[in-house]
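Novice: Here's the letter readout for the chains.
Protein chains: 2
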Amino acid sequence: MNKPTSQSQFETPKVTTGPLPGSRRVYTSPATAPALKVPHREIDLHPTANEPPVRVYDTSGPYSDPHHKLDVEHGLPRHRLDWYKDRQVEAYEGRPLSPLDNGGASGKYLAREFPVRNKPLRARTEAAPVDSASSPCSMGEDTSWDSTKRAPLTQYEFAKAGIITPEMVYVAERENLGRKAAVEGAAARIADGESFGASIPEHVTPEFVRDEIARGRAIIPANINHPELEPMIIGRNFLTKINANIGNSAVASSVEEEVEKMVWAIRWGADTVMDLSTGKNIHNTREWILRNSPVPIGTVPIYQALEKVNGIAEDLTWEVFRDTLIEQAEQGVDYFTIHAGVRLAYVPLTADRVTGIVSRGGSIMAKWCLAHHKESFLYTHFEEICDIMRAYDVSFSLGDGLRPGSIADANDRAQFAELETLGELTKIAWEKGCQVMIEGPGHVAMHKIKENMDKQLKECHEAPFYTLGPLTTDIAPGYDHITSGIGAAMIGWFGCAMLCYVTPKEHLGLPDRDDVKVGVVTYKIAAHAGDLAKGHPAAKIRDDALSRARFEFRWEDQFNLALDPETARDFHDQTLPKEAHKVAHFCSMCGPKFCSMEITREIRDTFGSARAPNAVDAEAGMAEKAAEFKALGGEIYLEADKAQPVD
Amino acid sequence: MNKPTSQSQFETPKVTTGPLPGSRRVYTSPATAPALKVPHREIDLHPTANEPPVRVYDTSGPYSDPHHKLDVEHGLPRHRLDWYKDRQVEAYEGRPLSPLDNGGASGKYLAREFPVRNKPLRARTEAAPVDSASSPCSMGEDTSWDSTKRAPLTQYEFAKAGIITPEMVYVAERENLGRKAAVEGAAARIADGESFGASIPEHVTPEFVRDEIARGRAIIPANINHPELEPMIIGRNFLTKINANIGNSAVASSVEEEVEKMVWAIRWGADTVMDLSTGKNIHNTREWILRNSPVPIGTVPIYQALEKVNGIAEDLTWEVFRDTLIEQAEQGVDYFTIHAGVRLAYVPLTADRVTGIVSRGGSIMAKWCLAHHKESFLYTHFEEICDIMRAYDVSFSLGDGLRPGSIADANDRAQFAELETLGELTKIAWEKGCQVMIEGPGHVAMHKIKENMDKQLKECHEAPFYTLGPLTTDIAPGYDHITSGIGAAMIGWFGCAMLCYVTPKEHLGLPDRDDVKVGVVTYKIAAHAGDLAKGHPAAKIRDDALSRARFEFRWEDQFNLALDPETARDFHDQTLPKEAHKVAHFCSMCGPKFCSMEITREIRDTFGSARAPNAVDAEAGMAEKAAEFKALGGEIYLEADKAQPVD
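Sequence lines, in order, name chains A and B. Residue numbers 1 to 647, in this note's numbering, belong to the letters of the first sequence in order. Residue numbers 1 to 647, in this note's numbering, belong to the letters of the second sequence in order.
Among the hints, a few may not be true.
For chains that are exact copies, the list does not tell them apart, and a pair is met inside one copy or across any two.
Unchecked claim - Restricting the straight-line Cα-Cα distance to at most 25 Å, the calculated cross-link-like pairs of lysine to any residue (SDA-like) are:
| hint | residue 1 | residue 2 |
| --- | --- | --- |
| 1 | Lys374 | Arg604 |
| 2 | Lys455 | Phe196 |
| 3 | Lys450 | Phe196 |
| 4 | Lys374 | Thr606 |
| 5 | Lys427 | Glu73 |
| 6 | Lys374 | Asp605 |
| 7 | Lys458 | Glu194 |
| 8 | Lys14 | Thr575 |
| 9 | Lys374 | Lys427 |
In short, the hints are calculated from the structure, not lab data. Since we're looking at a predicted model, the values are computed, not measured.
Between the sequences and the hints, there should be enough to build the whole structure, so can you do that?
Specialist: Next up, the structure:
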């Protein structure tokens with residue numbers, strides 16, 4: 001099915017590097033952990049601003065750091081390995097690679113294997129020898145998944161035990177972006193928001209992170225086999241995150257494209273990336289992505305399992321699925337979408353829907369359940385799934401296989417029946433020691449969005465919610481990044497912890513490089529708008545900095561503070577191309593002769609920066625003020641040289 | 001300041017014509033008024049759909065009608081003239097054109113005058129002779145604006161008098177799109193929505209329209225001198241409308257571009273168009289636009305008045321402004337933005353803002369007030385403004401000159417003080433017999449949007465609200481159609497009657513053709529998402545039709561039902577270019593081998609279309625069902641010829 005990757009076969013992926021305009025990647029170290037180097041991005045402002053650089057959250061990884069020596073063939077530094085010293089982990093040979101893992105691709109159709117192979121790690125069996133690496137075992141026969149037999153390894157287990165891990169310290173430092181700068185008046189900012197029950201602290205401490213994880217309200221997706229990771233946290237009391245999907249499909253794409261898509265997506269702000277590859281070369285493609293990814297990688301293991309049974313859903317078995325879980329866990333996938341809530345009894349509830357089951361994983365399981373008239377093996381084997389995921393600290397993303405595919409089907413019984421089951425499974429996963437988040441819709445008109453958030457918090461005991469959009473109307477294919485951006489901003493405000501992006505190509509085709517960028521930027525907007533409305537203490541800093549730049553005609557600062565500096569500059573240059581206009585005290589709306597903002601400057605000169613008197617008091621002494629103003633006579637005209645027409 | 005229009009000077013504007021893909025412009029006549037021809041657009045579906053055409057609201061005017069004989073040099077048919085027969089109107093010579101009206105442009109810099117000149121109409125003075133055309137009068141000296149001296153002419157006055165005008169009958173028919181089709185189950189649909197106090201009827205009658213106008217809750221912007229108009233209504237109990245701004249600026253654009261921008265904007269769904277031209281040739285540009293516009297045209301008269309005093313705000317006088325109102329009213333402008341709420345005492349309230357006053361009209365008046373230390377002449381002469389506007393039925397759009405220009409300044413005292421004054425002015429305008437709507441912000445974080453809507457309804461006595469966005473964050477210049485589309489959808493849901501679009505170029509440059517289209521489509525999304533959430537009985541019809549097309553792989557129908565069929569088709573073709581794929585039973589997400597929607601079809605085959613049993617009942621008889629299902633054995637594979645790889 002897949003197109004030949006001959007040319008790409010021996011090619012090293014070309015990835016985008018270098019800082020964003022006006023930005024530097026900087027690192028800070030928590031006082032308690034000087035060895036940790038936590039990345040941020042700092043945007044330098046023009047000297048006339050007389051303001052410190054604006055620090056923003058950075059997802060781009062070492063790719064934006066000119067000092068980093070990039071080598072895609074070897075992958076990113078495996079810095080987290082040092083953090084495992086005191087953990088009960090064992091290295092082992094791992095599951096042997098099977099041709100099926102790449103869909104039986106061979107010859108010129110087989111994507112090149114990643115050059116470096118590392119032994120996988122997992123939680124040590126209590127019985128196992130200290131150097132278990134010397135005692136290889138074949139996962140195929142491994143029967144020791146019973147979690148009671150393995151040492152605790154997950155962030156959830158550490159948190160419950162009161163242990164603060166380096167990952168927790170790292171994300172606390174990372175989340176504190178600009179918090180100190182925001183401290184004075186931060187209370188006011190928090191008050192200036194409606195958080196719907198979220199409790200966002202003034203300052204994020206490692207202890208706060210630990211507590212949120214222990215309560216199941218946040219997760220740090222961080223597979224022990226993904227040491228290249230720059231840990232991040234997902235929870236409604238932290239910055240709202242976004243996910244970008246990539247993945248080759250049966251009808252398009254290649255390994256190189258997928259690695260660059262990942263690098264490109266995180267450059268613009270994707271906090272996690274899901275590899276939704278289907279067809280051939282899934283294993284090798286995923287290995288290249290993981291070894292080069294500083295962000296958590298999520299997958300939907302049932303997709304690969306289906307490939308292993310040649311696309312025939314009813315041929316799926318627990319054994320094939322289990323084998324796929326282990327394969328991907330050993331590679332380092334950080335979270336798995338598991339559609340264990342699609343129960344046999346719920347399938348008929350979708351029969352009268354306008355768009356039935358639109359989740360690919362959901363429909364695979366529905367078909368399996370019907371064909372065998374059996375309960376889903378994902379549901380019946382859920383505890384074993386937990387045991388496997390726990391051994392590597394793969395987080396659950398409990399899939400919404402029955403999400404609505406249209407406005408007409410939103411919030412129906414099928415959707416909510418599954419959500420209730422996801423709540424039941426959440427408790428089981430927690431008991432097993434796993435980290436859990438919950439996936440949500442989909443297509444939902446605005447007035448039905450809050451019900452989704454409220455019901456998820458209630459049924460799933462405040463486990464983080466992770467939604468796709470939702471799209472607020474069905475009538476705009478080609479613009480579904482926007483129809484869904486509206487819903488995403490709202491549900492982010494209501495408490496959704498992570499928003500899965502939608503690109504302009506949704507429903508129509510596979511996103512290209514530009515679509516990925518537009519999708520990511522749109523979702524950064526939604527996530528940030530939600531943080532602002534929640535009253536996140538750090539969110540408003542960037543808006544205010546950009547607004548001051550706008551007011552003071554610091555065009556370069558306005559571009560550089562934008563989510564997409566390149567597009568902002570390009571749009572400006574289309575109307576006012578001359579370099580001179582970058583410093584001009586006017587914009588294209590009013591033109592050089594008259595300028596609204598100039599007038600405000602005059603008002604400010606007249607009344608000073610002290611809090612303005614209220615309307616009534618203002619009347620008093622206005623004559624005097626007006627006199628001063630005339631005296632000032634600050635004109636709004638520009639010097640002739642700046643007032644030339646632009647052709 | 002303006003660029004030479006030499007080449008354009010003798011050129012006839014080229015405009016875009018022809019129907020949208022799969023669409024026909026159709027006309028219906030109300031039973032009570034067979035002479036009226038009310039336009040709609042019908043989208044034909046594929047025969048396999050076995051569904052009637054989907055009727056949608058059509059703003060495109062005769063330009064999309066292949067049967068219409070287009071002549072931009074003569075303008076659109078002046079069909080409304082027949083409706084005036086029984087009205088107390090007089091034709092008169094009108095105000096003589098002054099070189100200042102075009103900014104003193106001359107020679108190759110002067111845009112060509114529109115070839116046809118019609119005598120303006122106005123409400124007759126009770127005293128005036130029946131054929132007042134024989135008694136020319138110079139508006140310059142006219143002193144008979146006292147409204148008690150002129151016959152009632154406005155839709156508001158007719159409505160108060162219990163008179164149903166052809167305009168009211170026309171908009172009732174126009175708004176009833178698909179209502180009949182929606183009647184069964186419409187109640188359910190209405191129940192399925194949160195209207196926040198709006199009362200949208202099952203079926204819109206002329207009497208309902210009259211009553212809403214009489215209550216001041218809706219307006220029909222329809223200057224007596226714009227007989228080319230296809231009347232539309234603005235009110236929260238009707239479909240949410242959108243406005244697109246065009247206009248040449250001191251730094252760019254030409255007459256031809258502006259006329260085509262108008263035609264282009266309405267093609268994609270703009271319900272009204274504001275001409276915000278500055279610089280030279282304002283008068284002639286506006287005439288070309290009006291004579292060719294089937295939608296209401298709005299302006300901000302203070303912009304042209306400022307040009308008449310060479311851009312020096314403090315040189316503005318009531319006389320210059322009054323003269324400009326008459327000039328534009330005679331041309332047929334349907335609504336004026338009047339910033340009469342920017343009072344002297346409110347100016348100091350903006351001194352401590354992050355972005356001060358960003359409204360161009362607001363800052364012009366603020367400067368005037370400060371320079372003279374006088375109350376705004378728009379406020380002190382408000383009743384005379386009402387008298388002039390009433391004589392032509394120009395509707396008020398009371399401007400929000402103190403709207404916030406940043407998240408930091410939203411909902412502050414300056415903004416709300418002005419809003420309270422607008423409420424006071426609304427009552428005066430109504431007493432004078434004028435139609436009124438109220439302009440709103442701007443830049444507002446999500447949690448502060450509803451307060452804007454609630455306060456506007458309260459302070460302005462339910463007069464229609466007309467907002468710009470609002471933008472929900474400041475950090476995404478280049479994407480402000482999206483940052484504002486989020487806020488627009490929300491405030492539309494809360495009750496905003498019309499949404500002023502924002503293009504991707506906002507804050508950066510002047511929108512080109514593509515920006516206008518993207519802005520309009522984005523705002524159609526916002527308006528429609530709002531109507532869906534309000535439970536508008538007709539809104540969901542199009543979503544459901546498109547969702548059925550999507551589910552049944554009727555790709556052509558999915559494209560044609562989209563707000564932007566061309567982009568939808570183009571995106572699809574980028575991934576699956578072959579014509580064959582337009583009928584393929586798969587999409588690029590899953591590929592030819594496995595298809596989610598196929599599986600739902602199988603489920604539907606298994607359980608039939610009867611309402612599905614609930615989860616518990618479902619268990620019973622499932623074995624039997626599964627047996628049937630296996631018997632059916634409907635496979636999801638496609639024939640080999642459809643399953644070829646696509647390169």
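Novice: It remains to establish, for every hint, whether it holds in the given structure.
Specialist: The hints, checked one at a time:
1. Proximity of Lys374 and Arg604 under a CA criterion of 25 Å is satisfied inter-copy only: 18 Å between copies versus 73 Å inside one chain copy.
2. For the homomeric pair Lys455 and Phe196, the shortest alpha-carbon distances inside one copy (13 Å) and between copies (22 Å) are both at most 25 Å.
3. For the homomeric pair Lys450 and Phe196, the shortest alpha-carbon distances inside one copy (10 Å) and between copies (15 Å) are both at most 25 Å.
4. Within a single copy, Lys374 and Thr606 get their C-alpha atoms only as close as 78 Å, which misses the 25 Å cut-off; across copies the closest is 15 Å, which meets it.
5. Taking identical chains as interchangeable, the C-alpha atoms of Lys427 and Glu73 are never at most 25 Å apart, the minima being 41 Å within one chain and 73 Å between chains.
6. Taking the closest pair of Cα atoms, Lys374 and Asp605 come within 25 Å of each other only across two copies (19 Å); inside a single copy the shortest separation is 77 Å, beyond that limit.
7. In this assembly of identical chains, Lys458 and Glu194 lie within 25 Å of each other by CA distance both inside one copy and across copies; the values are 19 Å within and 22 Å between.
8. For a Cα distance limit of 25 Å, the shortest separation of Lys14 from Thr575 across copies, 22 Å, qualifies, whereas the shortest one inside one copy, 33 Å, does not.
9. With identical chains, the CA atoms of Lys374 and Lys427 are at most 25 Å apart within one copy only, with a shortest distance of 23 Å there and 69 Å across copies.
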